[in-house]
Each structure stands twice: as structure tokens, then as C-alpha cells.
Amino acid sequence: MSVENRVPSVRKQKIKKNHTKTRLIIFLILALALLLVAIFAQQLCPYDPNAQDTAMSLRPPSAAHPAGTDRFGRDMFSRILVGLQTSVLATLSLVVIITVIGTAVGVLCGYYGGIWDSVIMRISDVCLAFPGLVFALAIAALLNGGLHNAVLALAVISWPKYARIARSQTLAQKSVNYIAAAKLAGNNSIQVIVKHILPNCIGPILVTAMLDIGTMLMELAGLSFLGLGAQPPVAELGNMMSGGRSMLQTYPWVIIGPGIAIFIIVVIFNLLGDTVRDYLDPRNSRK
Amino acid sequence: MKKYVVKRLLQLIPILLVITFLSFGMMRLAGSDAVMQKMENTGMVVSEEVMDKARAELGLDKPFLTQYFVWLGNLLKGDMGTSYISGKEVFPTFISKLPATLLLTVVSILLTIIISVPLGVLAAVKQNRFTDYLIRVCSFIGNSMPNFFVALLLMYFFAIRMKVFPVIATEVSIKSVALPSFTLAIAMSAKYLRQVRAAVLDELSKDYVIGAKARGVRFSVTLWKSVLRACLVTILTLLTLSIGSLLGGTAIVESIFLWDGVGKLAVDAINMRDYPMIQAYVMWMAIIYVCVNLITDLSYRVLDPRIRLGGEKA
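In order, the protein sequences belong to chains Z and L.
Residue numbers for the first sequence follow our numbering, so the first one is 182 and each next one is one higher.
Residue numbers for the second sequence follow our numbering, so the first one is -4 and each next one is one higher.
Keep in mind that the hints were calculated from the coordinates and are not lab data.
Just so you know, not all the hints are guaranteed correct.
Unchecked claim - Ranges between beta-carbon positions, derived for each pair:
| # | chain 1 | residue 1 | chain 2 | residue 2 | range |
| --- | --- | --- | --- | --- | --- |
| 1 | Z | 202 | L | 197 | 25 to 31 Å |
| 2 | Z | 213 | L | 159 | 38 to 44 Å |
| 3 | Z | 304 | L | 64 | 20 to 26 Å |
| 4 | L | 113 | Z | 372 | 50 to 56 Å |
| 5 | Z | 203 | L | 67 | 58 to 64 Å |
| 6 | L | 61 | Z | 296 | 25 to 31 Å |
| 7 | Z | 357 | L | 125 | 43 to 49 Å |
| 8 | L | 232 | Z | 361 | 35 to 41 Å |
| 9 | L | 152 | Z | 270 | 52 to 58 Å |
| 10 | L | 202 | Z | 202 | 31 to 37 Å |
To be verified - Here are a few chain L residues that sit away from chain Z, every Cβ distance over 10 Å (derived from the structure):
| # | residue |
| --- | --- |
| 11 | 46 |
| 12 | 68 |
| 13 | 250 |
Quick reminder that beta carbons are idealized off the backbone N, C-alpha and C, glycines included.
Produce the complete structure using the sequences and hints provided.
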């Protein structure tokens, strides 16, 4: 291995960038397809996901039931599709919530500064000082479980990260001359924030949000797995696996199906997140 | 150095106050009244007057802040109240389960280091070769699996199919700690390996590496003696950062493998709404996490003499 090889020529960088664009398009299409599957899950189900048929209970995967059936004879494939809908849509709304709230708080704190800035940043320090998932467990427990409450619990512990990034970006932008020029030109604070500061600090936030989707989905599924997220009549990938736990020995497909579904979703979003990062920050892509 | 340690220890006090205050406040927010809970658990129907008397006895009629300080005073004496469910004292119960969790945590961290440091260094050295891609793909896969799925897969293949390890941990032994700790180590290594790789790559691109090469120093010597030593602080910092998720992860993994530690205790307590127990869990986990962070900060100086700690003259 030689050190010289690592110094990239301009030519190499150019090739890499084109490559990233192709990857970006592929993964965007995949993510979009996943999203469509999630939205139209009910229409795509070959069977009614809640139709029970005890005569057909716990059948292994076959042509009629590609993912087998569960303890009540419900078609696992249909349930996985519906569960995927719950998981994906809940995760996406969670990520949207924390991105919007975190960014708004961070930008306002960074732009106006002052006492509120100090207070809010200290609060976010405290949130970051706690081991996240432990805190989420406690909040979810206090709120008595349920999918909405699990989303809320994860939102409470996750917004500070975004606020931090948005704040530091805003502080960096604030001192640049064009902001002063924009103000001189007669823009008020809101116009400056919306037109100039937000567009210029959204990049790193977007990358963080994309990379967070996979983790958040797993954490949400984890809470559901522990019984603190979606409750049993609702199909969600985490609680489906929790429900099938005792049947692992004899009927492994009850567990493995939803597990693989989570894996595929997270892989797609992680690949997309990595690519978005490479695309927006080419310097990073060599690592 | 001494001054810095004292300063950091003093800074710990407000953090601990916030942690205890939040833990106490959460319990209040839950709207659970200790008296009501106890009566419900015993199934007795009693009059308001009896309940009020019981509340006065427990000091629940006093203002919030007074209650907090009374609670804090008891806490310092090691009294965290009694479990709503078992009626046992919370603190001794919690402490008795702690060693099992600490064992699991330490073994997982050791496994993580054993797995990820050599692989991360190897991937960095073989950058953009087949080995690198293979290691990165493995890390990517590990990163995309929730730990409960990994736990169940390991359980299925190693415990149920191959019968190498016990399905549930009936006792604390090497055999029974293997699967739970391996589950935690897989998730952590996958994340950590990438960071080790990035840190080593950063270090490898520095001029002194070329300098050492020009002087004819063997690459392995440069790698082990200079590069790795320089990376140590970064590697350690990133490891401590992952301890937060490890502490949360133990709750899920412990309850799957029925490992008798605080994680399982907490999950059971959550399912039964045993608030004093949940409170103890959250508070102690936060305290442990804060202390681990402090110890890491202090160990920087030992590991990398170039670092000047706050308050020291260069």
C-alpha cells in the first residue's frame, strides 16, 4: 500500500461525482418505491391482513402464502405490508417532526441569541447528557405506550441534535456580509431567515435527517418490541416480532419475515442517506 | 491535573441535581399517586380520609420542591422507596441486579474492541481494495439490523439449531453471557468499525507517515507505534459515545435472553407500571453514563500528553 495512491487526482474526483449522481438516482427510486408500497399497502395485500383462519394457522411459507401464516392463520405477507406501512409512515413523521422543530429552534436561537438561546441550549445539553434510549424508554413508559406516544418519546430525545446543527450553521451564516446586505436592502428578520439563512443551512440538516431515518425506524420498532409502541391489534413490524417471540423455535418465519422487512427498509434508507451525504459533501465520499 | 479533576467533579453536582430532579419530576408527571397505587394493588377500597392520612404520613401533601428535597435526602441514605409490585425496597433490588448488567456491558465492550479495532485498521490500510469493501459491507449489514432481530437470529441459529449456547441465561457464566454480549457487540462494532476506519485514514494521510516511509521505517512500525497511538483518543471518545446506546440496548437484549440484570428489571417494571423502579433505573443509568463520560475525559491526558486540559498552562 502506498501513500501516493491516496492523493486523488482531479480526474478521479470527477468520475466519483458522476458515480454518486447515478447512485443517488437509483436509491431515490428505491426509496420512492418503498414509500409507494407503504402508502398503498392495503391495496397491495393479497389477503385481508386481519382475516383469521384458524385452520390455516402457522403454515410455513408456500406459493399461496409467501411468508407463511401466523398463529391466527393471518397471511404474514399481508401483515408485513401493513406493518411496513405503520413503521415507515410513523418513522417518517417522526423524522419530519424533529427536523422541523429542531431546525426552527436552532435557527431562531442562533439568529436572535440572548437569554432564550442560553436557556434552550442548556436544555438541549441536558437532553444530550442522558443516554437516549433509556430516556425514551422512561418517557414512553410514562405516557403509557402507544405508537403516538413512542413517536413523541423519541422526538423529545432527538430534537436537540438538529437544534445544535441548525444553530451552528445559522451562527456561521449570520456573520457573512450578504446577510448585512440583505438587511440593508430592507428585508425584515423573517425574510432574512426564510430567504437567506434557511436555504444555506439546510444541507447538513438534510443529511443528518436522511441518515437518521434507519436508526429511528429501528428504535421505534425496538420500543414496539418492548410493548411501548404500537399495540397488538395494529400491525407494526416491531410488535409483530415481539408477538412471535415464543414461536421462534418451531415457527421461525413468524419472526424472520418482519425482521427481514425491517432490514430491507433500513438498508434502503441508509444507502440513500450515505449517498445524499456523498452528493452534498464530495470531500467526505472518499472515506 | 488535580485542579482540573476537582473542577470536573464540582461540575458534576449540577448535572446530578438535574438528573435527580428530572427523575423525580417524571414520576410526579406520571400522575401516579403512591398511596392510590398501593391501595389499588392491595385491592382495598378505603375512604378519602384514610388516603389523606396516608398521604400526610408520606409527606405527599407538602409542596413539590419540599417533597423533592425530602426525596433527595432519602436518596442519599440509599432509600428510594419501595416497589409498587413486590413491596421490596427499590435500591437493594436494583443494586443486586447491577453486577449482571455490568458484566454484560463490559464483555460487550471488550468484544466490540476485539472485533472492530483490527477490522477498522485493516479496512483503512487496504482502502478501496476487496478486503475494505468486504469489511464495509459487513459493517453496513450490521448497522441495518435492529438488535432484537440480531438477538433472535443468533438465538435461532446458535441456541435452537446448533445448541451451542443456552437459549435463556439461567445462570451467569461464560456460555450464557456469549449470545447477549455478542448481540450488543455486533450492533456496536458495525458503527464503531466505520469510525475507527475513518480515524485511521485521517491519520494515515498526515505528512509524518510519508516522512517515516522516506526514512525507511517499516509500515507496520509506523502503523502500530505512531498512527494507532495518535488515533487512540478519537477511538476512545467514539467508544464512550456508543455506551449511551449500549445502556439502552441492554434493556431489549436482557429481556430477550432473560438475562437477570437491571435492563430486564426495567422492562418488567415498565410493563407493570412500577414507577419507583423505573425512576431508579433512569436515574442510575444517567448517572453511570455521566460518570463514564467524566472518566474518559480524564483519561485523555494519560493517553495523549499533547492534550492540555482546561485550566492548565501550556
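Exercise. Quick one: which hint numbers does this structure break? Sort them smallest to largest.
Key: 9, 13
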